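Visitor: Using the hints provided, position chain D relative to the given structure of chain Y.
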Amino acid sequence: MINLTIDDRTVSVEKNATILQAAEKLNIKIPTLCYNEEMAPIGSCRICVVEAIKGGESLIVSACNTGVEEGMKVYTKSEKAIEARKFAVKILYSENPSVKLIRDLAEEYGVVEDINVRKSECIHCERCVHACRDVVGQNAIVLTTCGLSYGNDAPSLKWDFDKCIACGTCAFVCPTGAVKMHDHDGVRTLLTPESKQDFTLKKCVSCGSYFMPEVQAQYLMKKTELPADKFDQCMNCR
Amino acid sequence: MENYNVFASRVVSKNEPLAPGHRACTGCGEVLALRLCAKAFGKNTIVVNATGCMEIIASQAPYNSWRLPWIHTLFENASATASGIEAAIKVLARKNRVPESEINVVAIGGDGSTVDIGIQSLSGALERGHNFTYICFDNEAYMNTGIQRSSATPFGASTTTSPAGKKSIGQSTWKKDMPAIMAAHNIPYVATACPSYPFDLMNKVEKALATKGPAYIHVFSVCPTGWRSAGNLSVRYGRLAVETGVFPLYEIENGVYKMSVEVPELKPLTAYTKGQGRFKHLKEDNLAKIEARVHEEYEKLLEKCNLSAVEEGK
Numbered sequence: 001m002i003n004l005t006i007d008d009r010t011v012s013v014e015k016n017a018t019i020l021q022a023a024e025k026l027n028i029k030i031p032t033l034c035y036n037e038e039m040a041p042i043g044s045c046r047i048c049v050v051e052a053i054k055g056g057e058s059l060i061v062s063a064c065n066t067g068v069e070e071g072m073k074v075y076t077k078s079e080k081a082i083e084a085r086k087f088a089v090k091i092l093y094s095e096n097p098s099v100k101l102i103r104d105l106a107e108e109y110g111v112v113e114d115i116n117v118r119k120s121e122c123i124h125c126e127r128c129v130h131a132c133r134d135v136v137g138q139n140a141i142v143l144t145t146c147g148l149s150y151g152n153d154a155p156s157l158k159w160d161f162d163k164c165i166a167c168g169t170c171a172f173v174c175p176t177g178a179v180k181m182h183d184h185d186g187v188r189t190l191l192t193p194e195s196k197q198d199f200t201l202k203k204c205v206s207c208g209s210y211f212m213p214e215v216q217a218q219y220l221m222k223k224t225e226l227p228a229d230k231f232d233q234c235m236n237c238r
Numbered sequence: 001m002e003n004y005n006v007f008a009s010r011v012v013s014k015n016e017p018l019a020p021g022h023r024a025c026t027g028c029g030e031v032l033a034l035r036l037c038a039k040a041f042g043k044n045t046i047v048v049n050a051t052g053c054m055e056i057i058a059s060q061a062p063y064n065s066w067r068l069p070w071i072h073t074l075f076e077n078a079s080a081t082a083s084g085i086e087a088a089i090k091v092l093a094r095k096n097r098v099p100e101s102e103i104n105v106v107a108i109g110g111d112g113s114t115v116d117i118g119i120q121s122l123s124g125a126l127e128r129g130h131n132f133t134y135i136c137f138d139n140e141a142y143m144n145t146g147i148q149r150s151s152a153t154p155f156g157a158s159t160t161t162s163p164a165g166k167k168s169i170g171q172s173t174w175k176k177d178m179p180a181i182m183a184a185h186n187i188p189y190v191a192t193a194c195p196s197y198p199f200d201l202m203n204k205v206e207k208a209l210a211t212k213g214p215a216y217i218h219v220f221s222v223c224p225t226g227w228r229s230a231g232n233l234s235v236r237y238g239r240l241a242v243e244t245g246v247f248p249l250y251e252i253e254n255g256v257y258k259m260s261v262e263v264p265e266l267k268p269l270t271a272y273t274k275g276q277g278r279f280k281h282l283k284e285d286n287l288a289k290i291e292a293r294v295h296e297e298y299e300k301l302l303e304k305c306n307l308s309a310v311e312e313g314k
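Respectively, the protein sequence lines represent chains Y and D.
Note that our numbering numbers the first sequence so that position 181 is 181, with each residue one more than the last.
Note that our numbering numbers the second sequence so that position 205 is 205, with each residue one more than the last.
You may find that some hints are simply not true.
[Claimed, not checked] The calculated DSS-like cross-link candidates involving lysine-lysine, where the alpha carbons are at most 30 angstroms apart (straight line), are: (1) D:Lys274 <-> Y:Lys77; (2) Y:Lys203 <-> D:Lys274; (3) D:Lys95 <-> Y:Lys86; (4) Y:Lys100 <-> D:Lys289.
Think of the hints as simulated: they come from the structure by calculation, not from any bench.
Since we're looking at a predicted model, the values are computed, not measured.
Chain Y extracted, bound-state conformation (with noise of 0.2 angstroms):
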């Protein structure tokens, strides 16, 4: 076990526990949007970063991927941390104002301006991608950053829709709702911040309702290596 201090509180946690997951002990609330508990943590969006002071240095680190260690002080509240705190919201405001999260992260840290309009709800904060490659494993969502490959261009996100099996994860984690999806007429539709697809769905032989998209049966057919006639039928007529 290691024992740190959270805003003079004590703690003692596991050897490999983060900084977030101490902070949740104590029930100190720190801010989060692209950390999800039942994935790896990301680490984009610097929305947790707190003051940490190990060695007689102080640092600012983000809560949600940086490990605790032997003594430790932590604060979450410092005027160091929450100026860091308040600079990652401005950043993410002058992106993204019309996303009412975001907004509303504004102001409570006192950061709205009259900023140009980027009609964007995309944070940037590559949920999505990390959840298509370690949750659904088919890698469809790309990051393209910048750099001396990419030009100049702002970040955005590319979606491989030969590798997409429309299972609608990326929707689903989305924390602003940037990426959507709607099931109409037989057809799924996934919206993405920069493109739309459409992709057939299957139709049940027994009751004639739709139920699964034609690439996600075909995936999970191939996946399972279960005979075709399996993907036939919709949940109730199973």
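Guide: Structure of chain D alone, referenced to chain Y:
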């Protein structure tokens, strides 16, 4: 509604505030709903539990399945207790005795304690505008005392106090429309849900908890013991209830009606009643009568949703 059927379930919290090992019947749809709700509650929640199945099965002295603060109340006063807790939290926060972070207050009860016995205290709590969430788990009769009829029992269902026989077709009155009564209190959030649509249910609970002011969720819970249906088909019966229009899923946010699951074409009622022992005695003409009523109510609801959509469009 979003249909995340395969992989999204893996990113749902694995934390179980309602511990396993409770004494619910095999195939209970109600405890499935409760488990999903508990996942959505989060850590800072106080649960007030009216007497009913979910209280009996979770707290056989000296054991308790809840990993959250939990209070057992009588049939009639779950909402009154929840109002008291909410008021106490307000006072303690004012005196800086509890942290500022929000504490959710949730009252849960069965259809007996919500629709019949506890309706006066619930109505009072909604009228006073306490910031709490009430969840009704509706299994359409008093199940733990031995299947007595309640006012949530549907027309034609056979129960021990409305038995079907030569001169009776079982329950002779129609099911009380509880979500409509709750909506008439002009509270910010009213919704119906079903554990056969787990993501929809969890989203609605989260939405209700985030609502400032009272919120009400009516959860349709299949009861294999009381309905005389097969225990392995509970989830299917929940889905069929939605697809036949018996229990449409919708939400009312600040007076705006919205369908959560849109059913393009309602399935015939027999798909739902077939296999349930409580409807076994019903003849074709009885079923036709019930089906006509179900379709009429469904049309009425659709009309309200369309009206809301038109108003929103302006």
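Visitor: If a hint holds in the structure, say so; if it doesn't, say that too.
Guide: Here is what the structure says about each hint:
A C-alpha spacing of about 60 angstroms is found between Lys274 of chain D and Lys77 of chain Y, which places the hinted pair above 30 angstroms, so the restraint is violated. With a CA separation close to 24 angstroms, the supplied pair Lys203 of chain Y and Lys274 of chain D stays within the 30 angstroms bound. Between Lys95 of chain D and Lys86 of chain Y, the direct Cα distance comes to roughly 28 angstroms. Compliance with the 30 angstroms bound is thereby established for this hinted pair. Between Lys100 of chain Y and Lys289 of chain D the CA atoms are separated by roughly 47 angstroms; this puts the pair beyond 30 angstroms, and the hint is violated.
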